[in-house]
Amino acid sequence: MLKKTVLLLIFLLGILLKSHAQQSEAYTNHLVDYQKALTLYNNSQYQAAQSLFKELKKTADNDEIIADCDYYVANCAVRLNQQNADKLIEDFVENHPTSTKRNSAFLDVADYYFTNGKYAYAKKWYDRVDENSLSRSERDKFSFNMGYVAFATKDYKTARNYLSRIENSKEYGSQAKYYIGFMAYESDDYQEANTYFDQVSDQEKYKEKLSYYQADLNFKLGNFDEAIKLAKAQLPKSNRVEISELNKIIGESYFNQQKYAEALPYLSEYQGKNGKWNNTDYYQLGYAYYKQGDFEKAISEFNKIIDGNNSVAQNAYYHLGESYIKLNKKQEALNAFRNASQMDFDLKIQEDAWLNYAKISYEIGNPYQSVPQVLTTYLETYPNSTYKEEIEILLIDSYITSKNYQEALKILEGKRSFASKEAYQKVTFYRGLELYNEGNYQEAKALFNKSIKEAINETYTTRATFWKAESDYNLTNYDEALIGFKQFQQSNTAQVTPEYKNSDYNLAYTYFKQKNYTKSSEYFNKFLQRADLDPVHLNDAYLRLGDAHFVSSNYSAAIAAYEKAVKINKVDADYAFFQKTLSEGYEGKSSQKISGLKEFIQKYPNSTLRDDAMYELGNSYIKANETVEAMKMYDRLANENPRSTFVPKALLRQGLVHYNASRNNEALDKFKTVATNYPNTAEANQAVSTVRLIYIDLGRVNDYASWVQTLDYVSVSDADLDNATYESAEKKYLDNKTDDAIKQFNGYLNQFPNGLHNLKAHFYVAQLYFKKDLKENAAPHYQAVISATPSEFTEEALSRLSQIYLDAKDWLSAIPVLKRLESEARFPQNVVYAQSNLMKANYQLNKYNEAVGYAEKVLQQSKIDNKITSDAYVIIARSAMKTNNETRAKTAYAEVEKTASGETAAEAYYFKAYFQNKAGDHEASNITVQKLAKDFSGYKKYSAKGLVLMARNYYALNDAFQATYILESVIENFKDYDDVVTEAQIELTKIKTEQAKTNASVQEQDPEGN
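Mapped onto mature numbering (1 follows the signal peptide of the UniProt record, and there is no 0), the consecutive letters of the sequence shown carry residue numbers -21 to -1, 1 to 989.
Please note that a few of the clues may not be correct.
In silico SDA-like links for lysine to any residue, alpha-carbon gap of 25 Å or less [to be verified]:
| id | residue 1 | residue 2 |
| --- | --- | --- |
| 1 | Lys382 | Glu224 |
| 2 | Lys382 | Asn363 |
| 3 | Lys954 | Ala873 |
| 4 | Lys651 | Ala684 |
DEER-style ranges, computed between Cβ atoms [claimed, not checked]:
| id | residue 1 | residue 2 | range |
| --- | --- | --- | --- |
| 5 | Ser116 | Phe324 | 56 to 66 Å |
| 6 | Asn729 | Ser532 | 35 to 45 Å |
| 7 | Glu359 | Asp789 | 39 to 49 Å |
| 8 | Asn729 | Glu771 | 49 to 59 Å |
| 9 | Gly832 | Asp900 | 25 to 35 Å |
To be clear, the hints were calculated from the coordinates, so they are not data collected in a lab. Please read all numbers here as calculations on a predicted model, not as lab measurements. Beta carbons are placed, not taken as given, at the ideal position from N, Cα and C, and that holds for glycine.
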C-alpha cells in the first residue's frame, strides 16, 4: 500500500509542475483531503475513509482522482460488508475501463474475502483476475489462494491443478504438498498421500497433524505395527476428536493382528463419527469380547447391529448366536442364527447357522414356521450334510413335540419311509384328538381311522381305536361305538393307556344308549369297582346305574344306586333324590313316596325337577284318596310354574277328579281351559274327548258342537283323515325313511295346518331337516314348536333353534330363544348350554356386562366340562379388557390357562405374557411367549402378537437386534394379520428412529417403514 501512496504523490507532483505557477486554494485542499482519506483507509478506518472519498469525488475535476475515489469507496464497502459492495466494484470496473486499478480491484476484493475465510466469495472475484497481468510472486500467491479455495470447497480436481503449479515454490511449496497429500488421503490414495506427507514431515507446523494422518495411512496400508506406534505417540498431543480416532486406529490395528485383549481398551474408547458408531464398530468390539470369553459384553455390542446386510453383519449375527448359546439364551440365539442363515456372504457360516437354527427350533419351538418345516428345509438345502441322520431323527420327533399337527400332516402326506409312517400314525392320532375336542367328530373319526390303518405303534393303534369309538358315540353310531370300545379293551396294550381307566364307563353308556340296560348295569358296576375314581365320574356312574335299574323295573337296586349318588352330592343330586323317591313309589311304598316328594320340594327349591315333583305328589295324593291335597298341589304347580309342561297335565287331572266326582261344571271348566290354552297337545285332545262325553251324558250335544267349532285345530268330520295322514308320515319317520317322512309330514301340515298332530309334525320334520344339515328348512318348524304352548318337544326345539341361529351368527335372534331355554329347560346340560351361549352372544353384541353375568352363572354350575369353564373365563377376561378392567382380565386369563386347550389356551398365554410385559417383568414375559410359540404354533395370530410383545421386551432389555429382527420377521411372515403387522411396523419405526441417533448404519424410517 506504501508503494501505491508514493506513486500517487509523484503523479500529483507532476500535475503541479505542469500547472500554472499560482495554485488555487481548492486544489491544495483536494490534495490534503485525499491524503487524509488514504491514511484513514490504510488504518482500517473504512467508514470514515469511505465518507471522505465520497466528499472528495463531489468536488474533484480530475478523472484519475475520481477513479481512485470510486476504487476506494468500493473497497471500503467490501470491508464494511455493505449490501451494495459487489455492485460498487462492478460500477468501478465499468465506469473506469482504463484504470490501472481494474485488476487490482478484483485481486484486492478476492484476497479480502480469502483472508476472512469467505471462499465462495473469494472464488467469484479470483475468477475475474487476469492472471497474466500478475507478477511472479503475485502469481504464486494467486495459485495458492485459488488452490486453497477449491480445496476448501471440496473441488479437489481444481485444487490439485493450482497447487501442483507451486509444489516447488519456496514460499508456498510445503503448504501445497500438504494439501495435495491430504486430498490423496481423502480420496483413499494412501500411497500418494504418504509420498507427499513424507516430503513435509520434517516441518514443525505440520508435524502434529501429519502424525495422525500417517498413523491412519499406515493402518489403511496394513502396516499395523507402524500405525500403532505413530498413533500411540500422537495420543498425548491430540484433541478430544483426534484421541477418539487414534484409539480406533490402535484398537482396530490390534484387532486385525488378532490381539483381542490389547484391542479392547482402545476400541471401547472410540467415540464414533459425530458421536455415532456404525455396525462394523460394534462388530469389532463385540468380537473382541467374544474372543475373550466375555459373552455378556459381546452380546451387548453385537445386538446393537441393526439393518446389517453384509459379511460383517452375517459374521456378527453368527457369533451373537454363539454368545447366546454360551449363556443358555436359546430363544435369542434362534433369532441370531436365523438371521445369519438368511445371508449368503459366507456359505460356511450360513450352513453352520442353518444347523444351529434347526436344532434350536427343535429344542424350544419356532414362532415363524413349524419345526418340522424348518428341519425338512434344512435337509433339502443341505442333502449331503454330515448331520443328515441326526436331523432326520429330530424331524420324526418334531412332528409330535411341536403339536402343530395340522402343518405336520401337510408335510407327512406322501412320505412312505418307516419312520415317516410311524410319525404319521402319531400325528393323525393327535390331530384327531384336537378335532374331537373341537366337536368335529366326523373329521376326527377319519383321522383316527388313518392312525389305525398304519398300525406301526400298537399303543397308538389302541388309543386311536378308543377315540374312534368315542367319535362314533358322539355321532350316535352306537353299534359301531360298541364294537370299537370292545376292540380297545381286547387290545394287548389297552391297560397301559390313559383311556383304559374309563373304558368300562364308556361301554356302560353305549349299552345304555342302545337300551341294553342289563349290559349297561353290568359295566357300570364293573367300573364302580375301581378304587381310583374321581367324585364326578363316581357320582355320574351311580346315577346312570340307577337309571338302568329304574328302566328295567329293578327298583330296589335303583334306590341303592340313587342313594349313593345323593350322598356323594357332586352332580344332579336333586335328580337322584327324585328318582329314588319315584322308585319307592313303584315299589308300593306310597307313604314314603309322598314324604319323599314333600322333602324334595322343600330341599331343592331351585331344581328344574320341582314341577315334576309337584305333579307326581299330586298324583300320589290322588292314589291315596287325598283329593283335597292333590287339588291344592296341582294349583300350586300352576301358580309357581305357569310355563311348565306339567300344567296342562295337572289341569287335566283336576278335571278328571271333578268328573269322577260328578262335578260336571267344574270338570268342564278345567277341560275347556286345557283345550283352549294348550292346543295341539295330547292333553288338549284328551280334554276335548272328555268334554264330548260330559255333554253326551248331559244330553247337550248341540252345546258340544257349538263349543268344539271354536277350536280351530279340531274338525270332527276330518278327524279320521287327520289321524290317518299323520300316522302314515310318522311310520316313515320311525322306519328311518327320511326323505319320504319329510315329504309326508309337509303334506300333512299343508293339508291340516291346524291339525290334531300339528305340533308333533312340526317337531319331527324339523328334526329330519336338522339331521340332513338343512338347518334353514328346519328353523321355521322349530319356531312353530316353541311358539305353541309348552310341550314335551319345547325344550329340544329351543335347543336346536338356538343352535341354528348361533351357527349363522344371528346373535339377536339367538338370545331370546336361549333365554327361554335357560328358564324352561328341565335338563341341567341345556341350562348350561343356554347360559354359555348367552354369554357368547352378548359378548358379540358388545354387551359386556350381560356377557359377564352369564359367564358367572355358568361357573356356578357344578357339572361343566373344562372347555365351557375356560370359555366362561375367556368371556370374562375379554369383556374386562374391552371395559379397561385389566386387573380382572388378568385374574380371568389365569383361570383360563388352567383348563383351556387349543386356541383359547394360546390366547391365555398371550395375555399372560402381555400382563408380565406391563408389569416390567420382561424376561418372564419372553419365557411365556416362548411357550406360546412352542406349544401353540398352529395359532398364528397369537404367535404373531406374542412376537411383537417379545420385541418390546427385548428392547426394554437393551437388545435392539432381537427387537428389530423379530419385528421385521413379523412384518415379513404374518401378512395375513394386518393389525399385527401395523403394530409391528409402528414399533419398528420407533426403535429404528431411536437407534439412528447413535448408530450411523441405521436409517431413520417414516411411519410407513420407508
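Outcome of the hint check:
1. Lys382 with Glu224: Measuring from Cα to Cα gives roughly 54 Å; hence the hint is violated.
2. Lys382 with Asn363: violated, 29 Å
3. Lys954 with Ala873: Violated, because 30 Å separates the two Cα atoms, which is more than 25 Å.
4. Lys651 with Ala684: Holds - the C-alpha atoms of Ala684 and Lys651 are around 13 Å apart, at most 25 Å.
5. Ser116 with Phe324: 56 to 66 Å: holds, 58 Å
6. Asn729 with Ser532: 35 to 45 Å: holds, 43 Å
7. Glu359 with Asp789: 39 to 49 Å: About 48 Å separates the Cβ atoms of Glu359 and Asp789, which means 39 to 49 Å holds.
8. Asn729 with Glu771: 49 to 59 Å: At roughly 24 Å between Cβ atoms, Glu771 and Asn729 fall outside 49 to 59 Å, so the hint is violated.
9. Gly832 with Asp900: 25 to 35 Å: This hint holds: roughly 33 Å between Cβ atoms.
Checked against the numbered hints above, the structure breaks hints 1, 2, 3, 8 and satisfies the rest.
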